[in-house]
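Chains E and W, in that order, are what the protein sequence lines are. Going by this note's numbering, the residue at position 526 of the first sequence is 526; the numbering climbs one at a time, nothing skipped. Going by this note's numbering, the residue at position 104 of the second sequence is 647; the numbering climbs one at a time, nothing skipped.
These are computed hints drawn from the structure, not numbers from a lab. Ideal Cβ placement from N, Cα and C applies to all residues, glycine included. Take these hints with a grain of salt, some might be off.
[Stated by the list, open to error] Chain W regions said to be covered by chain E (calculated; three or more residues, Cβ under 8 Å): (1) 586–592; (2) 719–730; (3) 745–754.
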Amino acid sequence: MRWMTAATCLFLAIGTPADARAAQGGPGRVTQAEIEEGLTPDGSRWLTFGGDYGNQRHSPLTQITPDNVARLAPQWTFQTNTLDDFETTTLYRDNILYVTGPSNTAWAIDARSGREIWSYARELPTDLRACCGLVNKGFAMLGDKLYMATLDAHLVALDMPTGEVVWDATLAEYQSGYASTIAPLAVDGKIVVGVAGGEFGIRGFIDAYDAETGERAWRFYTIPGPGEPGNDTWSGDSWMTGGASVWVTGAYDPEQNVVFYGIGNPGPDYYGDSRLGDNLYSASIVALDAANGELVWHYQFTPHDVHDWDATQVPILADIEIGGRTRQVVMFANRNGFYYTLDRVTGEVLLASPFVFTNWATEIGADGRPVLLPGHEPNEEGSLTCPDLAGGTNFWPPSYDPAQGVYFVNARESCMIYYAWDQEYIEGERFTGGAGERIRDDPTMPLYGALRALDPATGERLWEFRYMNPSTSGLLTTASGLVFTGDIEGNFLALDSRSGDLLWRYQMGSPLHGTSAITYMLDGRQHVLVPAGTNLTAWALPE
Amino acid sequence: MANRTRALLTLACLACAATGWLAAQDLPDGNPYTGDAEAIRTGMGLYRLNCADCHGVDATGVRGPDITGVWAAGRTDAGLFQTVRNGVAGTEMIPPRRARDDEIWKILAYLRTLATPTAAAASTGDAANGAEIFGQNCSGCHRVNAAGGRLGPDLSRIGSARSRATLISHVREGSRPRSNSGYAPVALTTDEGRAVRGVTKNEDMFSIQVMEVEGRIQGYAKDGLEALEKPDGSLMPVFGPDRLSDADLEDLLAYLETLRGFDPAVP
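Same shape as in the complex, but just chain W (with noise of 0.2 Å):
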């Protein structure tokens, strides 16, 4: 009985491994829902439900990274949705536990009416002298395949998570990091007299916890503190041409451009 059983098993799960061979052959190429308005709707509703926390109800990314432009840059409706199917390794995006395969289309059918309808015209820079100015300005704070500073957001999958326009006006007119994002500006000064800058990890009403601008970390009760401000926008200083000529900003886009998440030989 127990070989029986034994052998039943094998069975079972060598007809698993193959529906899930056959369902990954069986794929569309494209989406059959594209177009669907009926399906766009149900979309629409999955999609503000289930993703628009972290990619933004106009998808342009909060958290998570700007989608719109994922078509224009040669992602394929069979590739998304695997992508959506199984998560982003290393990321907040998991596999969705009970979504329907129907239900990723429809999702991905009302996306693709948010996309960008072509690819923004590809930087004409020089990327290597960007990654020059790269590390000459910007990566005392921003960290790029685990080297760089840790202040600011890591940036080894901004090319393709925020638009060109978003990294131009995040250069040129510096940016407003949620609060809660991890990366709003707080200045304080302790019971001391001691300065600190830096931004905010976490906060409760009695106490403060931030990376200071040398990259310490550290906690702070509020009760112990002489002042504590949360100065608007960003850590991050604003680009000028006076700082950055806009040819040597085309050449970091150029650069930043090259720093993709994902891997661009997958479909």
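Chain E on its own, in the form it takes in the complex (with noise of 0.2 Å):
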């Protein structure tokens, strides 16, 4: 009889626009609508790679405090079994974690339990040429799909409920030197994705597929081509070899449709005389026109950059006062050692000044050039600069908190003797033409790392947390005060974000890199969910 009565149940059940729904994939799809909304004070989910379209990582909830957070405790660990680590942001959605892992996997994941639903992998070539690390920064996730850039350039849309390829593009021939690693956006039907390789003398585009059927909707290329303005500051043929790629994910702003992307290091990375000019749009931040990939205004941080400073950092949007007005601004300090403010609309400098010890620059100009001092072109006799090639900050998601009105990033002090020689491209080769030595143990050179609240009006620090080495972790603030971070020894901290005093600390065994915790509330608790090294794990208040 019982078998009986479930089977009627289902029955009954299929005829309900409900399951209908589900039998779409699962039950309800993700609209454009829910992502815009961003993180919500009922904690149900975190559907982008920012937490919201503006990367303010900035969660409403309020259980986990500085009060009580020191009595955090673990819920599962979910362990990766793969050779390489975490660089990513998980997604969550009822109830369901999706994860990216290095080497072209991915799982979904109970959060209640910790325990696999579904996995993915994705044959590796064995000739792949990847710079940095066999890593992923996360999925997108629209309708019943999920998005996954992968190692060897291509997008896939995996569907949520099964982990199965719905479609696969490929972005370019990873053979050339093209990887990708970044987490896509979904805008409005779109999936928005970069390349990367910008040490293998690759030609950066960004692209945006059509969501349902993986076509290629626009292509923004980062480097112009012969006739568009922009290609005449790169000598000769240096722009098909120029690199300026794009693997940190962007911002979106609804009300202009415009996406905002940080563009990579011009190649070879270090040797500047055979790209002579400033070499647009490289080490640049890029707004375009979220409809067809059209170049709205761009702002180049570093013009003709020989330091390996992309501008792959994540941009922040919020509306802020400045000198009495709101302003509608991207917020970004960059590895260059300079934090930026700019105008979101016109991409008007408001505000630059330096967040680290930097000795290449006194100042950002007037005319938004860096003001050069002299002595800080490689050569193979090698330059001492400040700061290092990883910079003043990199790919880890800084946070912002509208409430307080301020801005956290991973700050790094540290100085680089700079090697550069001319380097002949061979297609698909590293293309660097140069190399870097770091300053160790030197009293006269700063070499550390702190996590620093910015004033994102006027660019003072209000206060700062120092680590022993730089960290290379992401952010995450929340609504009751609380900024999460991890040092490179490994351990995982909480600092109350209004001072910056310790809370709490674990060590996990491994450090954030270039990860980020999430918040979201599960059964009614508020869970904080960390990627580090080769784990994933959940900590939340005991019951």
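Starting from two chains that each stand alone, build the complex the way the hints lay out.
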């Protein structure tokens, strides 16, 4: 009798609208409106890389507070069983976690138990040449699909309930040095994605694909071709191998229907004589019309970069008060050591000030260009410049607390001797034209890290929490006044976001390299989830 | 079919082995890129990207050995090529996964430009007496061939890893171990008032892991310490002429020069 009852129920349920929707791919489809809504007070979701389209990574949840955070207890740990590490932001919806791992892997995980529901693995070509680890920064989700960029420069759409491949689009030929590690961005029926390979003489681009079919909707080359404005900022044919990769997720302003992406370094990284000129749009931020990929404005942080200072940091959007006016801004702590607040409608520089020790430029001039100090062009003998090639900060996500009006960033204080030499371009081969040697154990040169709280209207440093060594951890802030971070020695840390005081710590056994914690509600309890090394661990207050 | 497949596989394996054997036989006696300015420039780039972290930009050694004297010490281009291609077993030097043969030759062509032209004059001292001096003054902290103390670096390869000038400098003037080398000195006092001296093996913001001078390894929570100091320099005492005569130093150097990590029979 029991089985008959169940079958009857199933039969009856099939006819209901709710289950018709479920048959299309789970309980409800992720909508554009939901993503635009960002992180909601019910804590039910984390649908896009930065939590919301502005990449603020600021949760409205308040169950975990500065007073009780020290009572956090582990709920479970998931192990990837891979050789390389997480560099990802996890997505969360309907009690399920969706996470990408290294070496073209991904999982759907039961958030209640940490148990796998499905896994995805895509074979890695044996002749793949990715510059900086076989990593991935996360999924995008829209409708009933997940979207993942792959190391062999494809974009795949996976069926959310099963992990099966729905479509597979080729971004570029990996044999030519292209790869992709970026978390895609789902925007109004399109999936926006970029390519890595700035150390392999690629010509970078940003693509948008139809979310349903995988058909390419538009492409924006980050290096203009012949006849296009900006091509003359590259001498000779250097534009063809100029890099300008795109490997960190941008932001989206639905009101303008514009996406904002930071662009990577020009190539070869350190030898600039073979690519004379400003080298647009390398080391820049570009604002693109999300409908067609056309350039709305651009700003180049580091014209003719020769220090590998990709502008591949995560842009954060907010509306802030500056000089008594509310300005729509994009906030950007750059690898070159300067923090910028730009008007996101016009690209105008509203503020630019160093947030770490720099010795290559005195300031950003009224024309928006850095005022250079002599002696910082790398050469065969070596030239000492601060920051080092990893920069004042890098790809690990910052956060922004709109209630406090404070921007948080993990900053690096480090200097390097940069070397450069002329190098012949060979397709698919490493093409850096130089190298660097970090300065260690020199009491006159800094080598440490700090989580810094900045006022984005003035650039003023409100507080800092110093690490022994530079951290590569992304951040998460909460409305209850917490900031979650990590150090390079493997400690997961919770600080008071108003004072920088350390409140809680746990040794994860591996740093949060480029990963950020996320937070969400599950069965009435706020959880904090952190990827570190090959582990994904969920924390909550004791029941 | 199964038999045929097996036969083909066997043939393929034989072919691979033959190719490998031929490749080994085909290795040129000398470096085809020696003196080739373009190749040397490429080799410089490859060296600085792949080798300098351990061997130093000037190749005089950091974590890895000083390799400026390898030719002067009798190694050949072909032998050095095999060392790079195969790595050095039991060390951090692993075979480079993707290096092409021409890239290795170019690195060696560049390295040759940094090399000392002639071998440093071999020590004229008495190595047997040097071994005794080492036993009395050094082996409490330094291991050689699995015997001796652990506080300082293992010196089983020191004769091929560091130049004579560097050894003299370290003995006579002292050294400055890198802060992350595992040999930087530390002095701490526990909350119970116990004083500990040793070297830092690892450290984070909240804890420090130490090898104490007695050889014990131990970790300490920093909030359980009354004092934590990191003195400059090294725990190794400076041996001036008052403690070690020039003649005894010469004998000690003669002994250290016999401590070579590689088999001298290898070309």
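A quick look at each hint next to the structure:
Given as covered by chain E, the segment 586–592 of chain W passes the check, having 4 residues with a CB less than 8 Å from a CB of that chain where 3 are the minimum. Chain E is given as covering the segment 719–730 of chain W, and this holds because 4 residues of the stretch bring a CB closer than 8 Å to a CB of that chain, at least three being needed. Counting residues of the segment 745–754 of chain W whose CB lies closer than 8 Å to any CB of chain E gives 4, which reaches the minimum of 3, so the coverage claim holds.
Comparing the model with each earlier hint shows no violations; every hint is respected.
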